[in-house]
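Student: Following the hints, complete the assembly by docking chain B onto the known chain A.
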Amino acid sequence: MAKKLIAVTACPTGIAHTYMAAEALQKAARAKGVEIKVETRGSVGVENELTADEIREAHAVILACDSDADRNRFAGKTVIEVGVGEGIKRANQLVEQALAAEKRDLADEVTRLKTERKETATGWYKHLMTGVSYMIPFTVAGGILIAISFAFGIEAFQVEGTLPAALMTIGGSGAFGFMVPILAGYIAYSIADRPGLVPGMVGGFLAGNVGAGFLGGIVAGFLAGYVTYYLAKATRLPKTMEGLKPVLILPVLATFIVGVLMIFVIGAPMAWIMTSLQSWLTGIGQGSAVILGLILGGMMAFDMGGPVNKAAYTFAVGLLGSKIYGPQAAVMAAGMVPPLALSLATFLAPKKYTEEEREAGKAAGVLGISFITEGAIPFAAADPLRVIPSIVVGSAVTGALSMFFGATLRAPHGGIFVLAIPNVVGNVLPYALAIVVGTVISALLVNFLKPVKD
Amino acid sequence: MSIRELISAETITLDLQARTPDEAFVELGSLLAKSGVVTNLDTYLSAVRAREAHGTTAVGFHVAIPHGKSAGVARAGLAFGRASHDLDWESMDGEPVRMVFLIAAPEGANDVHLKALSQLARQLMHDDFRQRLSTGTSPEAILEALS
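Keeping their order, the protein sequence lines are chains A and B. If you count by the numbering used here, then the first sequence holds residues 1 to 454, one letter each, in order. If you count by the numbering used here, then the second sequence holds residues 455 to 601, one letter each, in order.
Bound-form chain A, shown alone (with noise of 0.2 Å):
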């Protein structure tokens, strides 16, 4: 059977080096009589697109990048990879190497079949993991900024015009502010294509604006991809007005669609989940304590960010006002339990993560122990239906604890940074029990739960 080669050419501007490169490697393999196909990704968006089915049948890869070629579809197979401009000078030795290339036969096939099965199985999945791998750097980087801040002292953000408040700044309005839009944008990036990210990240916004978390990120990615995939199918234009599909009608109406749906069906509720948890924690603060901070510590990890972490958040920083400290202690603790569980368990079982995550994992230690929940949120929301029951019982079991310790805190926030910092915290050595114990039954279970990845 004749060798068929396939290659990829791509540059981010786009302009002409994608089809120079593309129109060189063609012009190589006729001179050879191989057959080629390319695919091009300029500014026209992906055209002359490899199927599956050419990919299993080609004997190598040619990639001609300077930006993203989506290579995880050549896993296994023999790839050739170089810069864009080298496709064009290179040509002829790029395509003798491809022909020389001894194809990989046996990975090949077990690789097919391991996408076969992740592509019916879990088409979800796939978008899914595109939004948390996107958003994972953005909590990485404000997370770790923010811990600075804090470094400098637990108030020391509230001085206009210092270090620390513009640390908070860039790490808490910009880098975290990124957060559930980009998740949400590139869950209908993975879906929509191109069309998908404003819808998307739109959403995500609005997911933040109404306090609905990246729970309402997940929901809001998912909506706005699917909507504008259906429009973009459903919409028939006439040939010479196709092209304003892309730049005006799918995001114009798809984003229109998903800001309505997220404004008044996802958002209205919120508001009134949230008062309603306040009034209902209320009425449990009367009773037992120990029952209190069980329900404190779950709500705390449940939705990071979400009306119900929110509610209870609120409800215990309202109590400091009352003299009450109690509530304090088990929220922070229970709040610092979740990125920390995440992070030992990619320690305990680093086979059962991804490497984006393991490298996340590390970062979600310092965040954890600065009590900036947020580091958990992208493992959550890679996998909610196995980390959120897992961190929510060891961040229960660390607000129990923490309330039948009796341990106290004056601060609304601070993590281990408070410790350090004489009467701010009563029963110290008891309460760091407590948020140990809570961090090793959540990453036990988490890992219990999870398959070993492939």
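Think of the hints as simulated: they come from the structure by calculation, not from any bench. Quantities reported herein were computed from a predicted structural model and do not represent experimental measurements. Mixed in with the good hints there might be a few duds.
With a straight-line Cα cutoff of 30 Å, these simulated DSSO-like cross-link-like pairs (lysine-lysine) come out [said to hold, decoys possible]:
| no. | chain 1 | residue 1 | chain 2 | residue 2 |
| --- | --- | --- | --- | --- |
| 1 | B | LYS569 | A | LYS4 |
| 2 | A | LYS89 | B | LYS569 |
| 3 | B | LYS488 | A | LYS27 |
| 4 | B | LYS569 | A | LYS245 |
| 5 | A | LYS32 | B | LYS488 |
| 6 | B | LYS488 | A | LYS233 |
| 7 | A | LYS126 | A | LYS4 |
Tutor: Then chain B, alone, in the frame of chain A:
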């Protein structure tokens, strides 16, 4: 849409005077204005300059393909200029620029100019095409090469 449909003899000059990118924009832009492709030269040129500031369009092989999409453009069009000297233009392969294709696209024309660009880019890879561009002795010969 083929490249040939975007260009006519009156938007071709084989005696490009420009020595800098900006002079080339103005010189070729004026040809497009004269032919009715560009209705507001200033707004069109500022789109071209903005694009060039974003990254050089001198793609190599002595060719630059600056382009702009603007409300000052009535219909998609293309101008070609060839100089007998080197232009002071930073190119991607370090070779001096001698030939310039200036592309104009009206607002709302989506990617018609990008399609034209990609076709041009593909043709540039063929020696005989470059040969004909650099040796053609009349606008008609250039049109011949582009069709």
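Student: All the hints need checking, so say for each whether the structure fits it.
Tutor: Hints, verified against the model:
Of the supplied pair hints, the one linking LYS569(B) and LYS4(A) holds, its CA atoms being roughly 27 Å apart against a limit of 30 Å. For a cut-off of 30 Å, the pair hint linking LYS89(A) to LYS569(B) stands: about 23 Å separates their Cα positions. With a C-alpha separation of about 38 Å, the suggested pairing of LYS488(B) with LYS27(A) is violated against the 30 Å cut-off. For a cut-off of 30 Å, the pair hint linking LYS569(B) to LYS245(A) stands: about 16 Å separates their Cα positions.
Distance restraint check for LYS32(A) and LYS488(B): the Cα-Cα separation of roughly 47 Å exceeds the 30 Å cut-off, and the hinted pair is therefore not satisfied. Between LYS488(B) and LYS233(A) the CA atoms are separated by roughly 42 Å; this puts the pair beyond 30 Å, and the hint is violated. For the suggested pair LYS126(A) and LYS4(A), the alpha carbons sit about 29 Å apart, so the restraint of at most 30 Å is met.
Hint check: violations occur at hints 3, 5 and 6; the rest are consistent with the structure.
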